[in-house]
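Grab the two chains, each in its own frame, and use the hints to assemble them into the complex.
Residue numbers (the working numbering), protein chains in the order written: chain H, 1 to 331; chain R, 1001 to 1402.
Treat the hints with care, since some could be wrong.
[Unchecked claim] Here are the computed lysine to aspartate or glutamate pairs in the DMTMM-like style, where the Cα-Cα straight-line distance is at most 20 Å:
| no. | chain 1 | residue 1 | chain 2 | residue 2 |
| --- | --- | --- | --- | --- |
| 1 | R | K1114 | R | E1095 |
| 2 | R | K1377 | R | D1295 |
| 3 | H | K235 | R | E1095 |
| 4 | H | K245 | R | E1095 |
In case anyone wonders, no lab produced these hints; they're calculated from the structure.
The lines below spell out each chain.
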Amino acid sequence: MSINATPTGADVAADETSEATGQRATVPTQRGGRRKPPLSENKKAERRLGLLLCAPAALVMIAVTAYPIIYSVWLSLQRFDLRFPDQREFIGLENYVTVLTNEFWWTAFGVTTLITVVTVAVELVLGMGLAIIMHRTLVGRGLVRTSALIPYGIVTVVAAFSWRYAWTPGTGYLADLFSDGAPLTERASSLAIIMLAEIWKTTPFMALLLMAGLALVPEDLLKAASTDGATAWQKFTKVMLPVMKPAILVALLFRTLDAFRVFDNIFVLTAGGNETSSVSMLAYNNLIRGLNLGIGSTMSVLIFITVAIIAFVFVKLFGTAAPGSDDGERR
Amino acid sequence: MADIVLDKVSKSFPDGTVAVQDVDLEIADGEFVILVGPSGCGKSTTLNMIAGLEDISSGELRIAGQRVNDKAPRDRDIAMVFQSYALYPNMTVRENMAFPLRLAKLDKETIDRKVDEAAKVLELTSLLDRKPANLSGGQRQRVAMGRAIVRQPKAFLMDEPLSNLDAKLRVQMRTVVSRLQKQLGTTTVYVTHDQTEAMTLGDRVVIMRGGAVQQVGPPQELYDHPKNLFVAGFIGSPSMNFLHAAVQDGELHTALGKVPIGDRVRRELEAADAPRELILGIRPEHFEDAELVDDDTRRRGMEFEAPVDIVESMGSDKYVYFTVEGEKASAAELEELAADAGAADFAGAGGNLVTRLSAESPVAEGQTRRVWFNLEKIHLFDPANGRNLTLHEGRAAGALAD
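Pulled out of the complex, with its shape left as it was, chain R reads as follows (with noise of 0.2 Å):
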């Protein structure tokens, strides 16, 4: 077990693009950190340096205190999960988690019984003498983790291992990884790029875009107070709503209406090199159906109506989806997003605000509703460099902060 330690690690190929700059990222012992963001954003390379499949073009990387820039992955002594779980198709399950061990010199009776506690745990016990082609997907993942566990690693490095199972064996896996990690302690680096799995599983969340780390906190932080559009535009399912707002007299006009701003918004938008057009970001949670909102609740927010699009029913809420005028908030951060998300040529998705109200809520499509939405919980971002205005310190407070 160890801490790992990146410091200004930086991935250049011959080409001159550069896959991943500059990352900054200090895990500490027994960690269980979550890197995510869009394909193409580097944090497989990334997770390639620290196990060393990829050279590292600058920088320093430190596990345990070490500088192992230069060592082979076997040195390292780190185990790695693959997406396509990489088993041995010749060995068995057995030999394929012995197969570390063996290469490591252990004795046979060492390696037996280590083969048996890993598969106990994993419940894997009954299949040890299959091969892998006779295994469903879970089970093979199953064994994959299990060739990294019995080694007891400095450090567990894990490429999308969910990523090939399908809904609900990836729901079911999700927790045993977790109960996994706690239960053994390892420093584990997880990559992904679906922010559900960020958000459940990790300590702390690298959320990274184009080789670089946009920030980096417990998932519940970047959650409530993203530094940056990118970031709360990944996290978050639905994802936050964007609406263009431009500052006018002192408050911001919207589709929504006109949105009033506190005091410390204000300072922030006197600036000389102040923007006149921003992005407003509000998550679909934020908004509730007008009628069931308390006079002390209505007060910290404001309300508008629209025109009722779609409603998805989920028995604990409703998703309404409703149809906004106005201008479209436009970005490269949100374009990169729908990219990601494959509806960066679909127009159909955009102008819709989604909305998550109360079960309760009567609201029916075709109607038009009235609805509320929390004023504290509003962020600003600066279109041109995607900054979050509304945070201070590192807290975000919403639009009328003082």
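Bound conformation, chain H alone (with noise of 0.2 Å):
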């Protein structure tokens, strides 16, 4: 039993490394068909060299991200429930028509959806503004990034725990402060003490990409605006944002990517109660919980196609292009 779970389990956890590697592997073969320049003895002994130093990373990739995820689809094709292990056989598609119009997921993935876009859109706002404090701060800068970056320490499980009994009246002061009942046992308020707690926990991981973003602009850059006869707000939005858009992508494709796959403030706030559900809360019900492998491997490979997706959009959509190159050429 275990044993079976385990690599289904894993693939999960291992679909945004494998995004990433998929990713890269396409880019050197795309531009080699594109133009071949005669290859000299030493470019050639060369690039031999290079494959063979990527080798090892490669194999090792192979085993821990292309395995899991070619097992899982393979499962998502078979009726495979443990509790009736006879049944076993190949269904084909017939598990993914069973999900994709089966309500439960259709809420699970707008409840997600929901969780996704409110929280990413606030952790950008809070981000920013806690990333300009931090980039300004001229005194005890160490103890500001320090303090600000506390709440991104803490694991989440804990974190979660405390935000629970903080909400469960009787234990906690959140709860008798804010509302009469228990907010964690109704819907609209337990997805909004959801959200509050994924905001609260990853605003600093936010923060600290955008700082990292705000660097990049140069301070000459920020003169000029202001001999130009920029305000504050113009030089923010007309200079900084744009200087800064390939920071603010790679941070709003991070958190999109991981707040898609939300599972632990949810587990252990509401355990998925009331509706609250997202997809990998799902995915796990019906595959831990529910020993339903072939399912549980459907949503998998689901959340895992919608995750490319969304990093698929961000990449081609928007573009990575640092800001002034004319053709909007990758990186």
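See the structure below:
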């Protein structure tokens, strides 16, 4: 039982990395296909050495990511419930039809999308503010930065438990302060609390990524904007934001992918009760609790596909081009 | 267009360092003034204070007669050009140049017209739709200039605008800047660390050292009549030769021989606190191959013999380096100048005399050559405070003056 669960469980964690490698792998082949300069002996030897040096890492990646992914795709094409092992058979895409016509899946999908959109948007705004504060602080810079990063340093499950206790009537001050009943027993307030916990936890991460972007804005550019007649707000919107665009996109991409796979906070705060399940939560319930490897794997694969689409859209549509290049060429 | 007045302007930082000290400067309407000095002399800080990018600690800054100490940069109506050009990377050349106009909320037609005009002046018309990343250094520099001129501001402030260009282009752009300034007649303050740029560009040059103004004047005046050792050493390329000179029996004992002194300098030296040791300064072009000097000229100077170290033929004339014995001139100013030139720890440059002789001189390396120098062009400096003792009412008259 547990043997079967391990590789399939691992793919949820692995899909992010495999996604990244997939991207990287396609780029050189595309380039190579476009123009073929004649290679000298020296260049060939260099290329061979490069491939050899990459090989160990590539092999490890295949072992820990490619295999689980392929295995879970294989599982998703079967009727495979550990409670009824005798009924195991290959059924093609039937599992996908089952999941995609199921209202629980779409409710979870809606919840996940809502959490993703709201948390990432709020985190972007708060993170930007925090990044500017950290960037501009002159005294006690280390202290300010460290304290801003504390939420991100706390283990998610631990943080989630403190939020749960804080919102539970009797044990928590927040519940007594802000509501009469038990907020974690109603759908709307539960979702709000889940999003609050997420935002509290990962805003520092966003801020950190954005701060790196802020450091990319040359001081002279802001000075030039000042003498050109820009107000503080105009400097921010017309000079800083465009220059920071690549950093912002990277931060958004990271956070969107993370947020879409939200699990820990929901698991601890509501355990998916009152229709607050995310897709990851639903996959977990089917796979680990329900022991339905077929349906669970199908959900995992669907999450993987969604995440891949999100990444693709970010990279392709918005482009990670550095500002200033005319043709929006990649990197 | 406007005049700019700095009235005892100072800048000190919270940690106590004083970057700029009591700078008094009146820049007339339409004037081209250069702030020059070694790095850390406060020239850029002064410029930033005029721009409003740094606060003024004390003193008053007036643009067009109006106190602007507390005005934000955008309310001062000045345009600035940066060494890094500071072009907005996400905007095209046209958008870069239109940016200040768009912020000023001009209508689109006016903006287009002004940008096109400025682009024409700077020959940027064909580049208007490019992004800065696809321009060469010289083109970027011109865009930065264009962004400054489209607004017709009260003043241009330029912070080492040509320093990032290669040598040939820098010389070319120098004339462009100069011509543009004359055409527009806009008051311009230009910061540079390059004394050649300072000499060639400005109506007046302000030489700064350690946050204080050393001397203000037209380039030629600074060159001919330096107020002190620092100015004398900073202006001119190759720079002035400095020799140790001991006052003895009404003469100066130097490595070039005994130099006679005139009545005026003698009177200076008779004062009770007058120094016994001086620094003698003489520019390379005031030397000449003794063979080539006619008798009339010969009388105004004196001669010496020294071994030739290196000959650099420039075509139009020859730079000849002589090895002279004797004590080295030493003063705080000279050390600072050497440090700025990066030669502080390079002893190989010491003990040599740089001369600029006519191209006809048959001088060759290794031989000992007889050289004449002009006593009327000698400067004498007090090593303690760097003051030029040969300066009388702002005019240097050489060692022999009566």
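Each hint tested on the structure:
The hinted pair formed by R/K1114 and R/E1095 meets the criterion: a straight-line CA distance of about 12 Å does not exceed 20 Å. At roughly 18 Å between alpha-carbon atoms, R/K1377 and R/D1295 fall within 20 Å of each other, so this suggested pair holds. A C-alpha spacing of about 15 Å is found between H/K235 and R/E1095, which places the hinted pair at or below 20 Å, so the restraint holds. Distance restraint check for H/K245 and R/E1095: the Cα-Cα separation of roughly 18 Å lies within the 20 Å cut-off, and the hinted pair is therefore satisfied.
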